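Line order of the protein sequences matches chains G and W. Adding 5 to a residue's 1-based position in the first sequence gives its number in this note's numbering. Adding 6 to a residue's 1-based position in the second sequence gives its number in this note's numbering.
These aren't lab readings, by the way, just hints derived from the structure by calculation. Misleading hints may appear alongside valid ones.
[To be verified] With the C-beta cut set under 10 Å, the calculated list includes, among others, these residues of chain W facing chain G:
(1) ARG132
(2) GLY133
(3) HIS152
(4) ASP156
(5) ASP159
(6) LEU160
(7) GLY161
Remember, it's a predicted structure, so these values are computed and weren't measured experimentally. We treat Cβ as the ideally placed atom computed from N, Cα and C, and that holds for glycine.
Below are the chains, spelled out letter by letter.
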Amino acid sequence: MDAIDPKSAAMIIQDLQNDVIIDGGAFADSGAPAHAKSQNVVENVRKLAGAARKAGVPVIHVWYIVEQGAPGLKQNAPLFEGVKGANALVRGTWGAAAVDGLEPQDGDHIIEKMRMNGFYETRLDILLRGLGVETLIITGAWTNMSIEHTARHAADAGYRAVVASDGTSTVDDDWQRAALEYAMTNVATVGTCDEIAGAFSG
Amino acid sequence: MRLEPARTALLVIDLQNDTVGADGAFASSGAAAFAAEHGVVERAARLADAFRAAGAPVIHVWHIDERGHVDSTRNAELYRSIADADALVRGTWGAEPVVGPAPGDVVVEKQRMSSFNSTTLDTKLRGLGARTVVCCGAWTNWAVEHTCRDAADLGYEAIVVTDATATISEEFQRAALDYALTTVATRATADEVIASLR
């Protein structure tokens with residue numbers, strides 16, 4: 006992997022909330038908790054976030070949050086029907102909280118969103134411009150939805166997108182492969198969390 | 007003020023026959039007279055020459071509607087007036103620029119007031135590495151003002167050229183430059199901009 010200059014990089018941790026990847030969460034039936042475990046995603050992201058903070062790379066938490074009843078969450082796609090139907094990711098609930106081990110640390114940034122794309126109607130782009138970011142390291146869940154969409158938007162918006170292969174999880178290995186080996190081709194650089202941490206220069 | 011050519015782009019906004027030409031669709035608004043009296047077109051052309059000579063990008067932003075204005079909503083008086091006057095239609099004299107693009111210039115088409123709304127301008131500015139946008143053109147209170155505001159909100163430093171912008175009257179010009187753009191954009195004359203480009 007090409008070097009990543011910490012002065013012009015940021016790392017996002019997207020949707021790693023209880024409802025998304027934890028047993029007992031709203032989408033546990035999807036297989037997402039099992040895949041998150043097999044990917045060891047929480048521990049890998051925790052370690053990469055630690056390396057990022059140590060290198061001076063800003064860490065940005067992107068959380069999917071709706072109000073009780075998901076008002077304003079237009080039901081135009083199955084994903085959004087799922088969020089509302091499962092009463093998932095409601096502000097103030099356990100399900101919407103960051104998973105154990107990935108709570109924000111002092112100096113981290115937090116962005117809330119209510120669609121797949123971390124950029125859509127959020128201040129993420131403004132924050133990245135303010136931080137002078139050129140390279141965006143993307144971790145989180147689910148790889149095929151929020152991660153892919155955010156990586157694509159990052160590429161279109163002029164950022165170099167780097168997706169962590171073992172810092173992302175979805176519902177099973179087939180879906181993960183579809184994202185990393187097909188969808189992200191020519192869009193993002195894919196590497197392990199160790200490779201990414203090893204690429205921090207200076 | 008110092009403007010680094012590699013980080014500064016000139017936006018020449020809506021300088022088209024219908025907006026500032028003596029026979030343009032909106033000449034009766036006073037816009038053509040204002041532009042002529044203040045030498046706005048000549049000064050914008052001189053700015054463009056200076057930017058090209060310095061190796062800084064020149065971006066022409068043109069308001070272009072399709073014939074019949076079928077693709078433009080009429081939700082505000084400005085858009086209704088464009089449709090009613092059948093102005094700025096692709097392929098017509100009225101839509102043609104009064105400051106022509108030179109080889110290497112960039113052209114962006116728009117249909118709203120802000121040059122950033124639903125256009126590739128932001129992508130192009132990022133690609134060019136621009137951090138500062140120098141805005142000239144017409145009309146000061148609408149397209150120029152809105153473009154400066156969006157530029158500021160998007161993280162660019164906005165400079166509005168006081169003597170290379172045109173609107174419909176002195177009062178309107180003052181409202182934009184002395185009030186609306188206060189704390190949004192830096193005011194500078196064309197001479198000041200050119201002298202700073204080094």
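| message | Given GLY161 (chain W) as an interface hint, is its Cβ closer than 10 Å to any Cβ of chain G? | response | holds, 4 Å
| task | Closer than 10 Å between Cβ atoms is the bar; does HIS152 (chain W) clear it against chain G? Give me holds or violated. | result | Because about 18 Å separates HIS152 (chain W) from the closest Cβ in chain G, which is outside the 10 Å limit, the hint is violated.
| Once the shortest beta carbon distance from ARG132 (chain W) to chain G is found, is it less than 10 Å? | Status holds, d = 4 Å.
| task | Grab the minimum C-beta distance from GLY133 (chain W) to chain G and call the hint holds if it beats 10 Å, violated otherwise. | result | holds, 7 Å
| Taking the least C-beta to C-beta distance, is LEU160 (chain W) closer than 10 Å to chain G? | Constraint on LEU160 (chain W) satisfied, holds at 7 Å.
| said: Please check whether ASP156 (chain W) passes as an interface residue: C-beta within 10 Å of a C-beta belonging to chain G. | reply: With a closest approach of 12 Å, the ASP156 (chain W) hint is violated.
| Given hint ASP159 (chain W) near chain G, where the shortest CB pair must fall under 10 Å | holds, 8 Å
In summary, the structure is inconsistent with hints 3, 4 from the numbered list given earlier, while agreeing with the others.
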